[in-house]
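Participant: So the chains spell out like this:
2 protein chains.
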Amino acid sequence: MAKMNKSFLNLEENYLFSKISKRVSDFTEKNPDTPIIRMGIGDVTLPLPAAAVAAGKKAFDEMGVKATFRGYEDSGRGYDFLRIAVANYYKSFGADVPADEIFISDGAKSDSGNIGDIFSDDSIVTITDPAYPVYVDSSIMGGKKVQYANSNEKNGFAAMPCDIDPGGQQGEGKGGQKPDIIYLCSPNNPTGSAYTFEQLKTWIDYATENRAIIIYDAAYEAFITQPDKPRSIYQVEGARKCAIEICSLSKTAGFTGTRCGYTVVPKELRLESPEGKEISLFNTWVRRQGSKFNGVSYPVQRAAEAVFSKDGQRQIAENIARYRENATIIANTLTELGIDFTGGINSPYIWFKCPGGINSWDFFDIMLNQANVVGTPGEGFCKNKLSNNGIDRFRLTAFSTKENTEEAMRRFKKLIETKR
Amino acid sequence: MAKMNKSFLNLEENYLFSKISKRVSDFTEKNPDTPIIRMGIGDVTLPLPAAAVAAGKKAFDEMGVKATFRGYEDSGRGYDFLRIAVANYYKSFGADVPADEIFISDGAKSDSGNIGDIFSDDSIVTITDPAYPVYVDSSIMGGKKVQYANSNEKNGFAAMPCDIDPGGQQGEGKGGQKPDIIYLCSPNNPTGSAYTFEQLKTWIDYATENRAIIIYDAAYEAFITQPDKPRSIYQVEGARKCAIEICSLSKTAGFTGTRCGYTVVPKELRLESPEGKEISLFNTWVRRQGSKFNGVSYPVQRAAEAVFSKDGQRQIAENIARYRENATIIANTLTELGIDFTGGINSPYIWFKCPGGINSWDFFDIMLNQANVVGTPGEGFCKNKLSNNGIDRFRLTAFSTKENTEEAMRRFKKLIETKR
Chain W
27 MAKMNKSFLN LEENYLFSKI SKRVSDFTEK NPDTPIIRMG IGDVTLPLPA AAVAAGKKAF
87 DEMGVKATFR GYEDSGRGYD FLRIAVANYY KSFGADVPAD EIFISDGAKS DSGNIGDIFS
147 DDSIVTITDP AYPVYVDSSI MGGKKVQYAN SNEKNGFAAM PCDIDPGGQQ GEGKGGQKPD
207 IIYLCSPNNP TGSAYTFEQL KTWIDYATEN RAIIIYDAAY EAFITQPDKP RSIYQVEGAR
267 KCAIEICSLS KTAGFTGTRC GYTVVPKELR LESPEGKEIS LFNTWVRRQG SKFNGVSYPV
327 QRAAEAVFSK DGQRQIAENI ARYRENATII ANTLTELGID FTGGINSPYI WFKCPGGINS
387 WDFFDIMLNQ ANVVGTPGEG FCKNKLSNNG IDRFRLTAFS TKENTEEAMR RFKKLIETKR
Chain Y
27 MAKMNKSFLN LEENYLFSKI SKRVSDFTEK NPDTPIIRMG IGDVTLPLPA AAVAAGKKAF
87 DEMGVKATFR GYEDSGRGYD FLRIAVANYY KSFGADVPAD EIFISDGAKS DSGNIGDIFS
147 DDSIVTITDP AYPVYVDSSI MGGKKVQYAN SNEKNGFAAM PCDIDPGGQQ GEGKGGQKPD
207 IIYLCSPNNP TGSAYTFEQL KTWIDYATEN RAIIIYDAAY EAFITQPDKP RSIYQVEGAR
267 KCAIEICSLS KTAGFTGTRC GYTVVPKELR LESPEGKEIS LFNTWVRRQG SKFNGVSYPV
327 QRAAEAVFSK DGQRQIAENI ARYRENATII ANTLTELGID FTGGINSPYI WFKCPGGINS
387 WDFFDIMLNQ ANVVGTPGEG FCKNKLSNNG IDRFRLTAFS TKENTEEAMR RFKKLIETKR
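First to last, the sequence lines map onto chains W and Y.
For the first sequence, the residue numbers in this note's numbering are 27 to 446.
For the second sequence, the residue numbers in this note's numbering are 27 to 446.
FYI, nobody ran anything at the bench for these hints, they're computed from the structure.
Do not take every clue at face value.
No copy is singled out in the list; a pair is fine if it fits within one copy or between any two copies.
Keeping only pairs whose Cα atoms sit at most 30 Å apart, straight-line, the calculated DSS-like set for lysine-lysine is [claimed, not checked]:
#	residue 1	residue 2
1	K439	K45
2	K440	K428
3	K428	K445
4	K227	K409
5	K92	K428
6	K32	K170
If we strip away everything but chain W, and leave its shape as in the complex, we get (with noise of 0.2 Å):
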């Protein structure tokens, strides 16, 4: 009988969101006359830039005639056009990436599983805890070992190589294994922290010094706005000996269902081979991605184009600015409360003490029954179980509109203020 990839036996159930809808949706079978704001998933809700609409447009118009038809790209790297757009776009904020070496995708998500197929069965992987779950899940079923480094309270969410956990305790010093991949996201999903220029310097000379190789999750860059604060890794000396950096047009131009993001792999990179050899990355992921992967569709990539034409920039800088509006109602709300919280100033992203210090599922259900307000519980972003970094912690999004956003502050200050 055919056997499955034993490792899937070794991924927990991702409950998180179907227990979350579980939960809603009981509610609202009680309560079908009460409206609830959902603040949980990390969804946009401004529609697609005029710009991207237009090209998309235009684009089907050009595959409808046989003149400017376009069959396969031949690269299935992404056309010249995007690959140029994108590298122009990297220059604006004094990142320097060349156009060969970026590679357009369908998004974020797919490329920082997918890019695990390439590394050793039996690479150790180091995950800050909490973190988005595809890097856990994806290297669980790559049959790779995962260890964590704590983001926590005492580092403000942002976790260092010192914290790395050396077996489930909180470390002191550099704990854990020798790492080969180091997964870090900043604006970091869910917590919100960004990492310093300072940081993220320390974590690629951590890198260097393990010949370990940093997979840099750059999806929430535009909402950067603090200047010590570096939008790609490759602003930071050292990078491009180490990291491969994984971005998204989801979130920054609301491309959740049009679907395109792009990563960058510096030619330089090197893994070694069974024989001690040393062997370009990649070349690897190119062979990979020959193999695996389709390319992404000519009138979304004519879309991506759009979104960094002057236009393009013009109008999702509307939007970012009013998603962080959003944010920053959030956080004032938190501050004047006096309630201990990261993100919200670079990231989309609120993240905070539960009031009273409660667990996250109890506030979960606070806030949908007293609120009616749907968040995410921390504890659905760990899988670090003996540190539990998120237990305590709630997720909320600026992604909803700003009337929303504002009902739902003042519905959460009317509930802390009654507690009290």
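Chain Y: place on chain W using the hints.
Facilitator: Frame of chain W; chain Y shown alone:
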């Protein structure tokens, strides 16, 4: 130092298309004024059907308006509107495929490679030879062991279980090892042969006996005209218990640049866990996709839905008829010249014996230099080096224009008649 997936070292470099384009560019450099007819790569030339263009544009318009904007697709498995359209399409030719077993994909290539992720690394994979190189390459990348079933003149280039090679030599009887996975492609790329109901039943019985899973690539099903050839493996009894089917709109609706396909995973399929328990293959695939796939762009899914509309079906029927006409032109020329071939009837590919039985690369050079026609040497599709199933075969595609196909055949005929 981060270690590479050592299975990548077992991959052969994929020289085929780079070797072809090198020879073609050398030729055009020396002969800048000689027009070349390209019938090598399997890419379409007719534009996207008008119904798909209109639907794609409409969907982009929806994405630009808040009320109709779509963010994340909940399941990542495809919108119901498209899955239902695909299920109805299956029904139209007598295959019973429930919509909730259909996974919308970005094309056949990624799923035919990615499906390997859910099987154990030590799986034995049987692949007909010659074949689409992705089956072998993605199996090797996943650490699996590949054995071949030889397609050759004897079996009309449609390998059967009795053609499984017991280790390099042509097998008589059921050779080789007990397989866990079997890749079949019908109508076949590159040989153009299509399995009959009876032949597929033999494969299904063989897979059932061995409790193996068939991965059935039906990307060319729309080219089938003869009633004894099924368009889906699910038209054959027993398939739901052993087969996954992968299909694509690339060739049938000109989606090579727009990117959409679908994969059918029956819920009754089972995999064996290390403890000998039976595990749902469907659930395992859902889990894999949930962590490693982003779903397909909404405008692309709407364009695909339109392909299955009445207008869309009429429009693609016209396109397919034109490609079929080209196939007939090629087939008639070969018949007239007394050259042995397969395909051309139920397939856009024509696979023929190089005149005089010469090596396929030598024939490639003759075709290029003397007839100025580019085809694909059969050797490029063959990985079983001990049997050399395609060493004296050549593939032409019917995806060119009628004018070019006719002109190519005039030159081909002249070339052959001059040599005789």
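Participant: None of the hints should be skipped; say for each whether it holds.
Facilitator: How the hints compare with the structure:
Taking the shortest alpha-carbon separations for K439 and K45, only the intra-copy value of 26 Å comes in at or below 30 Å, while the best inter-copy value is 68 Å. Taking identical chains as interchangeable, the C-alpha atoms of K440 and K428 lie at most 30 Å apart only when both belong to the same chain, with a minimum of 18 Å there against 74 Å between chains. Taking the shortest alpha-carbon separations for K428 and K445, only the intra-copy value of 26 Å comes in at or below 30 Å, while the best inter-copy value is 78 Å. In the homo-oligomer, the alpha carbons of K227 and K409 lie at most 30 Å apart inside one protomer (26 Å), although the nearest pairing across protomers, at 47 Å, exceeds that limit.
Taking the closest pair of Cα atoms, K92 and K428 come within 30 Å of each other only across two copies (14 Å); inside a single copy the shortest separation is 46 Å, beyond that limit. Proximity of K32 and K170 under a CA criterion of 30 Å is satisfied in both settings, with 12 Å inside one chain copy and 14 Å between copies.
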